[in-house]
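Q: Put chain B on the given structure of chain A with help from the hints.
If you read the protein sequences in the order shown, they are chains A and B. Heads up: the first sequence begins at 0 in numbering that gives the first Met the number 0, then just goes up one per residue. Heads up: the second sequence begins at 0 in numbering that gives the first Met the number 0, then just goes up one per residue.
Keep in mind that a hint or two might mislead.
Said to hold, decoys possible - One side only, chain A facing chain B, incomplete, derived with CB under 7 Å:
1) Ala19
2) Arg260
3) Ser323
By construction, these hints were calculated from the structure, which means they are not laboratory data. For clarity, every value in this text was computed on a predicted model and none was experimentally measured. Note that CB positions come from ideal geometry on N, CA and C, so glycine has one too.
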Amino acid sequence: MRARRADREAGGRGRERLRAARLRPRDVLHVGSAGLRSRPVRVVLSALGIAIGIATMISVVGISASSQAQLLRELDKLGTNLLVASPGDSMFAGQDVELPEESVGMVGRIEGVQEVGATADLDATARRNEKIDKDDTGGITVKATTGDLLRVLRGEVRSGRWLDNATGRYPSVVLGHVSAERLGITAPGRQVWIGGRYFTVIGILAPLPLAPEIERSALVGWEGAKRLLGFEGHPTSVYERSADAAVQDVRKVMAATVDPRNPQNVKVTDPSSALRAKAATEGAFSSLLLGLGGIALLVGGVGVANTMIISVLERRYEIGLRRSLGATRGQIRIQFVTESLMLSGLGGLAGVALGAAATGVYAYSGGLPWVVPPWAVGGGFGATLVIGTIAGLYPAVRASRLSPTLALHAA
Amino acid sequence: MSTVVGLRAVTKEYPGPVAALRGVDLTVEEGELLGIVGPSGSGKSTLLHIIGTLDRPTAGSVHIAGHDVAALSDRRLSALRAQHIGFVFQAFHLVPGVSARDNVAEGLLYSGLSRAVRRRRAAAALERVGLADRLDHKPHQLSGGQRQRVAIARAVVGEPALLLADEPTGALDSASGEAVMQLLRDLNGEGATIAVITHDTEIAQGLPREVRVRDGQVVADVRNPSTNVPNPSAAVRTPSRNGNGRSPAATGADQ
Numbered sequence: 000m001r002a003r004r005a006d007r008e009a010g011g012r013g014r015e016r017l018r019a020a021r022l023r024p025r026d027v028l029h030v031g032s033a034g035l036r037s038r039p040v041r042v043v044l045s046a047l048g049i050a051i052g053i054a055t056m057i058s059v060v061g062i063s064a065s066s067q068a069q070l071l072r073e074l075d076k077l078g079t080n081l082l083v084a085s086p087g088d089s090m091f092a093g094q095d096v097e098l099p100e101e102s103v104g105m106v107g108r109i110e111g112v113q114e115v116g117a118t119a120d121l122d123a124t125a126r127r128n129e130k131i132d133k134d135d136t137g138g139i140t141v142k143a144t145t146g147d148l149l150r151v152l153r154g155e156v157r158s159g160r161w162l163d164n165a166t167g168r169y170p171s172v173v174l175g176h177v178s179a180e181r182l183g184i185t186a187p188g189r190q191v192w193i194g195g196r197y198f199t200v201i202g203i204l205a206p207l208p209l210a211p212e213i214e215r216s217a218l219v220g221w222e223g224a225k226r227l228l229g230f231e232g233h234p235t236s237v238y239e240r241s242a243d244a245a246v247q248d249v250r251k252v253m254a255a256t257v258d259p260r261n262p263q264n265v266k267v268t269d270p271s272s273a274l275r276a277k278a279a280t281e282g283a284f285s286s287l288l289l290g291l292g293g294i295a296l297l298v299g300g301v302g303v304a305n306t307m308i309i310s311v312l313e314r315r316y317e318i319g320l321r322r323s324l325g326a327t328r329g330q331i332r333i334q335f336v337t338e339s340l341m342l343s344g345l346g347g348l349a350g351v352a353l354g355a356a357a358t359g360v361y362a363y364s365g366g367l368p369w370v371v372p373p374w375a376v377g378g379g380f381g382a383t384l385v386i387g388t389i390a391g392l393y394p395a396v397r398a399s400r401l402s403p404t405l406a407l408h409a410a
Numbered sequence: 000m001s002t003v004v005g006l007r008a009v010t011k012e013y014p015g016p017v018a019a020l021r022g023v024d025l026t027v028e029e030g031e032l033l034g035i036v037g038p039s040g041s042g043k044s045t046l047l048h049i050i051g052t053l054d055r056p057t058a059g060s061v062h063i064a065g066h067d068v069a070a071l072s073d074r075r076l077s078a079l080r081a082q083h084i085g086f087v088f089q090a091f092h093l094v095p096g097v098s099a100r101d102n103v104a105e106g107l108l109y110s111g112l113s114r115a116v117r118r119r120r121a122a123a124a125l126e127r128v129g130l131a132d133r134l135d136h137k138p139h140q141l142s143g144g145q146r147q148r149v150a151i152a153r154a155v156v157g158e159p160a161l162l163l164a165d166e167p168t169g170a171l172d173s174a175s176g177e178a179v180m181q182l183l184r185d186l187n188g189e190g191a192t193i194a195v196i197t198h199d200t201e202i203a204q205g206l207p208r209e210v211r212v213r214d215g216q217v218v219a220d221v222r223n224p225s226t227n228v229p230n231p232s233a234a235v236r237t238p239s240r241n242g243n244g245r246s247p248a249a250t251g252a253d254q
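One chain only, chain A, in its complex shape (with noise of 0.2 Å):
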């Protein structure tokens, strides 16, 4: 300043080049604020478009990641160890295929295998009484089943007992969930009718997602099946649990196992990898709905141009006090860039604020884990600030070429 003067002073000629001053980070955001905190209504509204599409993103995004997550924290739970045996279809058609009667101890033998359970179809069906037409089955199968069945699906028995030695001689029944809706029962006590004779209900099954087969049916004790209702002890489907470590050797011999004579005829499963392919269909979100999303977003970006271009024409007066005052086109660009970019900047942090509270709020209502992917979050936001420098440019170019003596005019 000093020097400038005596320059001035000595002689006045200017010998000292003009270099126009850089604004500083800090002086640019607060040229780039000042038209937003002078309207702010008009900046709700304009970043609300921008808030309504990064919103519908990010909640498509997460409430398909919160249930991917809780299905797949359901899979950890459930354990991805366990096998199912069951009859294959035969090479022989129309010939009933059964499993011999000692697979379920043969299974027990291989090395690594840690638990084992198994069910057998019936004939027989369950009834609420024996008025009930005999074909009106309601999609119930009775199955006969071994005591360590429900600890090798990790089930659980809402209400009631599950059947043990004792009980599983006589006639009593435990019913999966769903066959206990459709009998109308609510509670252990109640009595069906299975095979000719009344079954007391002892107990009801909690949902099994390994095992959906279960769910529909009514378990009669393996030894009570024999006794009462003409069972022979083939089982119909071998489960077993092993080390996570073993389930590929396992595999590999249990066919053999289970019928060493026939192991074409059977057919060994794995419960889990449906539930994996669930979980990964959960995962890929809907696309129609994230493309919603990125219309609304479209349509919150030009939005924010047409705010933008609206504020050039209003602020000329600004922009020629800016330049005035000595503001290069560069400045004036960055100003109305800057302010863009903060105007999309504010509705994406809003969408993103309500993206994650919409899948909060559906993820707790559904008892899911509360899951945001970060990428999505990084990707929404970085979307709104390209959005914000692409509606801010054509807009902060006409404020820069404005000429200042027509701006200074136009009031």
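A: Chain B in isolation, oriented as in the chain A frame:
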């Protein structure tokens, strides 16, 4: 003493072609206080824009504070305005909702100074225009005359080589207008070079130099030696105009 404004045969034509300025020569030396007066359509606004480097002439040369305007890029021209020219507008152009101090500090925004320094110097400039007790007032809490004084503080806060006042009293009642003119005379007394653009011949006649513009040409360039400044201290201040320029107060405000 050095030349602040040097116009040589400046012509400005607008598409039409309409000649707003036709061969204007004008020289303003440091420390001068002059009025550029003319009726509307005379070209005085165009002249203001050319001197203020907001516009470039179609022909002729413009030197402001020693710089040839034609040779400067937009960036350098902006720097010239930031460092050497202060504007005062008829409509004040203060930012609403922002304190007087911050409005004045805005005048230094493009000078590269930190915010703290800008605000310190803004306070000093407001003191200089007699508004030391209005630092935190918002424009709507100030009278028209006070607003214009804030605008003048904003224009002089950067110690410009030239202060351009475009109808500074146009939006004011006569008492406030006279106070503003007195402030400009006082600033001139402290060494500021000031050009007042006005259509009001009475105001122009009250200034030491009067440049009359009509139909895009300077028709008269009159010195009013016995400027009827109704201010007893005017005689005391007169020598400083030819001396070393700034008063101690102004220098203090610069720190």
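Q: Arg260 of chain A was flagged as interface toward chain B. Is the shortest Cβ-Cβ separation under 7 Å?
A: violated, 91 Å
Q: Quick check on the hint: Ser323 of chain A CB to chain B CB, less than 7 Å?
A: holds, 4 Å
Q: With a cut-off of 7 Å, does the beta carbon of Ala19 of chain A approach a beta carbon of chain B closely enough for the hint to hold?
A: Since the shortest Cβ distance to chain B is 4 Å, the answer is holds.
When each numbered hint is compared with the structure, a violation occurs for hint 2 only.
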